[in-house]
Amino acid sequence: MSAINFHTKEISVKIVYYGPGLCGKTTSLQSIYATIPEHERPQLVSLATDVDRTIFFDFLPLTAYRIRDFKVRLQLYTVPGQVFYNATRKLVLNGVDGIVFVADSQRAMQDSNLESLQNLEENLAELGLDLDRVPMVMQFNKRDLGDTLELAEMDRIYNTRQVPVFATIATSGEGLFDVLKTISQSVVNDLIRKGLGQQLRQQEKSPPAKPPDSADSFSAGYSTVEEAVTKATHQQTADLAAPKIGGQATQTGGQATKTAGSLWPSREAHRLGTIATGAVERGAWQQAILAVDELLEFSVGQWASNEGRSAADALATFLFLRGVTASRYRHYMQSLLAARTEKPLSRGDAVNAVILALEALW
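First residue of the sequence shown: 1478, per our numbering; consecutive thereafter.
In case anyone wonders, no lab produced these hints; they're calculated from the structure.
Warning: the hint list may mix true and false statements.
[To be verified] EDC-like, lysine to aspartate or glutamate: derived pairs with alpha carbons at most 20 Å apart:
(1) Lys1658 to Glu1784
(2) Lys1486 to Glu1784
(3) Lys1567 to Asp1607
(4) Lys1567 to Glu1592
[To be verified] Taking CB as the label site, the calculated pair distances span:
(5) Arg1744 to Thr1512: 48 to 56 Å
(6) Ala1585 to Phe1561: 37 to 45 Å
(7) Gln1779 to Glu1758: 35 to 43 Å
(8) Pro1821 to Thr1637: 39 to 47 Å
(9) Glu1630 to Gln1595: 15 to 23 Å
(10) Arg1817 to Gln1559: 29 to 37 Å
(11) Glu1592 to Asp1632: 15 to 23 Å
(12) Lys1486 to Pro1641: 24 to 32 Å
Beta carbons are placed, not taken as given, at the ideal position from N, Cα and C, and that holds for glycine.
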């Protein structure tokens, strides 16, 4: 679910690359990452092991363009293709704004592609979402290999919804930025249809809503795109700067992304974030959640000191301002309590905590 942060003038959107195992999802993000100039390059987070390249997810944050005077942050995720990680796929899909479905062009992968597409629809339905109403593009990958289906045949088989289609070679980067530009624009257009333009214009005429004063009132006044714009009259137009995602590098319109190795906001945060992600990879769920707790406590403490806020209500306010939903906040707090009291924890608890930290601190 996209979130508007009126205090920092940012809009965060979540784009998920979905598809069967080894279809090129991770390679796509790696190729996009490699083309970004080093001084603008964010950190690419991949939770994997030596056995499987994508056990949990890949995460690549980009700052792509602006709507009015709001900076748009793209949070790119992949999901594990393996069937037995379906629970993780649903976790990553939670709050999705746009989907890139990556299909393997090889003829032998037809059944796997169809199964993954069906799985996507089912997982979205369990999250209360209709695939027909979520912006999506299709990426027909591995066009350089032998025994591939013709593009027209793939379009007939997979693209029953008639969404935009792109032929790609993820290993060389061919076509990847066309995919990214199109899904980004589709997501923004979808937000405009939901009234984003009017919501931003109204905000320019009035001060931002006061964030909650405590964790108990975290859900009160929560401002996401979805919730905020339903109160506004639906409008089809808004002043929108064209995306500046270019052929060889992601341009940032003067707003540089965080530099290499600085996904976390400081050296200490980087240390704690590395501990958390490493613990998830090892299956140490308690250690991962406790590391996220330290990471958030450290980062929120610095923020509260700079803002002159009391430490008692700082976490709820900090997460509220960064678009974390009340349900995810509750899930995290319940997991943290379980970790502190050494009660049983699941992979989903740890992954949710790490995703929450990534999205809140980037």
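A quick look at each hint next to the structure:
Distance check on the hinted pair: lysine 1658 and glutamate 1784 sit about 36 Å apart at the alpha-carbon level, beyond 20 Å; violated. Between the alpha carbons of lysine 1486 and glutamate 1784 the distance comes to roughly 17 Å, so the proposed pair stays at or under 20 Å and holds. Using a Cα cut-off of 20 Å, the hinted pair lysine 1567 and aspartate 1607 holds, with the two alpha carbons roughly 14 Å apart. Using a Cα cut-off of 20 Å, the hinted pair lysine 1567 and glutamate 1592 holds, with the two alpha carbons roughly 15 Å apart.
Taking the beta carbon of each, arginine 1744 and threonine 1512 are about 27 Å apart, not inside 48 to 56 Å as hinted. Hint check: alanine 1585 to phenylalanine 1561, Cβ distance near 21 Å, so the stated range 37 to 45 Å is violated. Checked against the hint of 35 to 43 Å, the C-beta distance between glutamine 1779 and glutamate 1758 comes to roughly 27 Å, which is inconsistent with it. A C-beta distance of roughly 42 Å is found between proline 1821 and threonine 1637, which places it inside the suggested range of 39 to 47 Å.
Checking the proposed 15 to 23 Å range against glutamate 1630 and glutamine 1595 shows it holds: the Cβ atoms sit about 19 Å from each other. At about 31 Å, the beta-carbon gap between arginine 1817 and glutamine 1559 stays in the expected band of 29 to 37 Å. Taking 15 to 23 Å as the suggested C-beta distance range, the pair glutamate 1592 and aspartate 1632 conforms, at roughly 18 Å. Between lysine 1486 and proline 1641 the C-beta distance comes to about 29 Å, which sits within the given range of 24 to 32 Å.
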